[in-house]
Amino acid sequence: MKYRPLDFSGVSTYPIASRKNKMNVQEHFAKPVRSGMTVAELLAAMPDQLGSQALNGVIDAVVAARAKGKPVVMAMGGHVIKCGLQPVLKSLIDADVITAVALNGSGSIHDFEIALIGATSEDVGAVLHAGSFGMAEETGAQINEALKQGVAQGLGHGESLGRMILERELPYREQSLMAACVQKGIPVTVHVAIGTDITHQHPSADGAVFGAASFTDFQIFTSVVSELGDGGVYLNIGSAVLLPEVFLKALSIAQNLGHHVDRFTTANFDMQQHYRPLVNVVKRPTSGASRGYTVTGHHEIMLPLLAAGILDRI
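Counting in the working numbering, the sequence shown runs from 34 upward without gaps.
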């Protein structure tokens, strides 16, 4: 069938003055950037749109949460830790901004190795086919030993490792996030899936110990989540699957037990937005009177900017 060109002469239009716009110069434009700007001035100079709007919204929510004495929980994947952001995160812990930390297994391993030797992040591709990936003796042996001792004392995964780092006075313990949490007395929980971490490859691995330690931390984490209502903040940073799933289950348990968790803020920070963080952190938990944000960018850029904004406003 052959089509003839459609005649557009009858198309109706309207005056642009009557149109509602998402962007206008008075409200949304960026301000000029100059040398010597303070953090507050830089953040205020950003256009009131999209990513900068979300970042400033998260900063405002965190500051408001601490003013009310509500929790600010930071859940992080391993990439955040191996990027060397512990000093930034510790500045927020020292300022009583972060009230709880949750890690996946890789995050705890990177944090331990940094405390032990001041370095981490193995070149996986170079050693995988030789069968030596993840087989560093000290990493597996010491972490697994610490977990066995901690479980015997009723401790969770995170506190067991944080205590061990401090008690053994590991050379770079001042750089450890888990140790900082233990010293500060705030919860640090580690959530593992069997087979995901290099410590599960070692002769000293004990599945029952991993399960007991991580389940204790899940219970602690759920207790923290139960207090997020009416002003708390939950930040998921760089975990695409495991921690968003853990958060969703913890929230369900908290609601089931009668803790009405609503009117709080969530945010997902990552280099690209994935399905589970978007659904299980940003959207589903905030479907009531809560608010969810997405902030996209590299952790090594966005977290220092986030921390600077928070510390500047408090």
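Hints were generated in silico from the structure; no laboratory data involved. As the structure is a prediction and not an experimental result, all values here were calculated from the model. Check each hint, because a few of them may be wrong.
DSBU-like, lysine-lysine: derived pairs with alpha carbons at most 30 Å apart [unchecked claim]:
#	residue 1	residue 2
1	Lys-35	Lys-53
2	Lys-181	Lys-115
3	Lys-282	Lys-115
4	Lys-217	Lys-55
5	Lys-53	Lys-103
6	Lys-64	Lys-282
7	Lys-53	Lys-101
8	Lys-316	Lys-115
9	Lys-53	Lys-282
10	Lys-103	Lys-181
These are the hints, each one checked on the structure:
About 39 Å separates the Cα atoms of Lys-35 and Lys-53, which puts this hinted pair outside 30 Å; it is violated. With a C-alpha separation of about 25 Å, the suggested pairing of Lys-181 with Lys-115 holds against the 30 Å cut-off. In summary, the hint linking Lys-282 to Lys-115 is supported, as the alpha carbons are separated by about 27 Å, within the 30 Å threshold. For the suggested pair Lys-217 and Lys-55, the alpha carbons sit about 45 Å apart, so the restraint of at most 30 Å is broken.
The suggested pairing of Lys-53 with Lys-103 is violated, with an alpha-carbon distance near 38 Å, which exceeds 30 Å. The suggested pairing of Lys-64 with Lys-282 is violated, with an alpha-carbon distance near 43 Å, which exceeds 30 Å. Note on Lys-53 and Lys-101: the hinted pairing is violated, with a Cα-Cα distance of about 37 Å set against a maximum of 30 Å. Proximity of Lys-316 to Lys-115 is assessed by CA-CA distance (about 28 Å); at most 30 Å being required, the pair is judged to hold.
For the suggested pair Lys-53 and Lys-282, the alpha carbons sit about 41 Å apart, so the restraint of at most 30 Å is broken. About 33 Å separates the Cα atoms of Lys-103 and Lys-181, which puts this hinted pair outside 30 Å; it is violated.
Of the numbered hints listed earlier, those contradicted by the structure are 1, 4, 5, 6, 7, 9, 10.
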